[in-house]
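For the protein sequence lines, the chains are Z and A, in the order given. Residue 125 in UniProt numbering sits at position 125 of the first sequence; the count goes up by one each step and never skips. Residue 51 in UniProt numbering sits at position 51 of the second sequence; the count goes up by one each step and never skips.
Don't read these hints as lab results, they were simulated from the structure. Check before you lean on any hint, since a few could be wrong.
[To be verified] Negatives, chain A to chain Z, calculated, CB over 12 Å:
hint, residue
1, Ile29
2, Ser77
3, Val92
4, Gly125
5, Tyr150
[Stated by the list, open to error] Derived lysine-lysine pairs resembling DSSO-like cross-links, with alpha carbons at most 27 Å apart:
hint, chain 1, residue 1, chain 2, residue 2
6, Z, Lys74, A, Lys36
7, Z, Lys100, A, Lys151
8, Z, Lys100, A, Lys36
9, A, Lys36, Z, Lys76
10, A, Lys3, Z, Lys126
We treat Cβ as the ideally placed atom computed from N, Cα and C, and that holds for glycine.
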Amino acid sequence: MKHLSIIFLLILSGIACAGVEFRQFANPEQQEAYETLTSELRCLVCQNQTIADSNAELAADLRRQVYEMLQQGKSKQDIAQFMTDRYGDFVLYNPPFKLKTGLLWMGPVVFLLIGLIAVFLFARRKKTASVLHSNTGNENAEKLAKIRNLLEKGDQS
Amino acid sequence: MLKYILPLILFIVLAVFLALGLNLHPSEIPSPLINKPAPEFSASKLQAPEEKLTPADLKGKVWLFNVWASWCVSCRSEHPVLNQLAQAKAAVIVGLNYKDEPEAALGWLAQLGNPYDVSIMDQDGRIGIDWGVYGVPETFVIDKQGVVRYKHTGPVTPEDVQQVFLPLIAKLQAEN
Numbered sequence: 001m002k003h004l005s006i007i008f009l010l011i012l013s014g015i016a017c018a019g020v021e022f023r024q025f026a027n028p029e030q031q032e033a034y035e036t037l038t039s040e041l042r043c044l045v046c047q048n049q050t051i052a053d054s055n056a057e058l059a060a061d062l063r064r065q066v067y068e069m070l071q072q073g074k075s076k077q078d079i080a081q082f083m084t085d086r087y088g089d090f091v092l093y094n095p096p097f098k099l100k101t102g103l104l105w106m107g108p109v110v111f112l113l114i115g116l117i118a119v120f121l122f123a124r125r126k127k128t129a130s131v132l133h134s135n136t137g138n139e140n141a142e143k144l145a146k147i148r149n150l151l152e153k154g155d156q157s
Numbered sequence: 001m002l003k004y005i006l007p008l009i010l011f012i013v014l015a016v017f018l019a020l021g022l023n024l025h026p027s028e029i030p031s032p033l034i035n036k037p038a039p040e041f042s043a044s045k046l047q048a049p050e051e052k053l054t055p056a057d058l059k060g061k062v063w064l065f066n067v068w069a070s071w072c073v074s075c076r077s078e079h080p081v082l083n084q085l086a087q088a089k090a091a092v093i094v095g096l097n098y099k100d101e102p103e104a105a106l107g108w109l110a111q112l113g114n115p116y117d118v119s120i121m122d123q124d125g126r127i128g129i130d131w132g133v134y135g136v137p138e139t140f141v142i143d144k145q146g147v148v149r150y151k152h153t154g155p156v157t158p159e160d161v162q163q164v165f166l167p168l169i170a171k172l173q174a175e176n
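Work the whole structure out from these sequences, hints included.
What follows is the structure in structure tokens.
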């Protein structure tokens, strides 16, 4: 068991080391800015990865670009703007709320509403159905009583 | 009645969304550069590294900016199309040799023919970033004022040339 977990950890460390680039930062804020930016920018080649995650060459180039701009003292906003000027809003994993991205932002809310309405309608129908069901139960009881009555009468005759 | 209509409506909505989804090209990202001035560069020419080319040198001309590389597979299928387009002499064709080795690039042109009036080198991909390049080949059309008017992502096909590029170039040539 112990050996297994050591092997497992070694494999994990291998994954963690893959694609590590050595970057030196002037201060922790800058490093934090680098980490946030690279995890918020999309790699355009492998579209479902951030440039921090991707090993594509373009992602490496964009990481370099982010790093260099931070070294030049550019702010996070400046860098995000630089990227959108070149690649469009698509490069941002957190796109701004605009007319064009409205559906993207409002979509989940719309679907949630549709879901709630559906649940509400379904629940109401179920309720009316169960009322009906209990009615039939009463009818059955009446019928049963009638049958019992008939049977008892039959016994007497 | 509603019991039958509701699933039908749901089915139609779903079918419409799926059909639209099938016809989308999510890998083609619209360029924010359209109708903006061509991004600046000053790059060494592939055939003459001591000479530089800038977009200002091309002012007054309609030019195509084709991003290519000798390592790029779809560039190979695009190449004969560009050779043909070059023969039509409709516009100046500038090549951006993207993240490539000059020797490999020169070898490629010697072997397959050179459709470019001039090719410039972008070995570290910085010009590519300024132009929003994310997949090679890409082709931009720039007008006489130096404004980007069109971007094509992926290999240019003969149909694209006939239906898009030549009409657009003719239109831009007629502008001042």
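Each hint tested on the structure:
1. Ile29: For A:Ile29, whose nearest Cβ neighbour in chain Z is about 5 Å away, the distance does not exceed 12 Å, so it is violated.
2. Ser77: holds (19 Å)
3. Val92: With a cut-off of 12 Å, A:Val92 remains clear of chain Z, as the shortest Cβ separation is near 23 Å.
4. Gly125: violated (5 Å)
5. Tyr150: Per Cβ check, A:Tyr150 is outside 12 Å of chain Z; nearest 15 Å; holds.
6. Z:Lys74 with A:Lys36: holds (23 Å)
7. Z:Lys100 with A:Lys151: holds (20 Å)
8. Z:Lys100 with A:Lys36: Holds, at roughly 20 Å.
9. A:Lys36 with Z:Lys76: holds (24 Å)
10. A:Lys3 with Z:Lys126: Holds - the C-alpha atoms of Z:Lys126 and A:Lys3 are around 14 Å apart, at most 27 Å.
Violated hints, listed in ascending order, are 1 and 4; each of the other numbered hints is respected by the structure.
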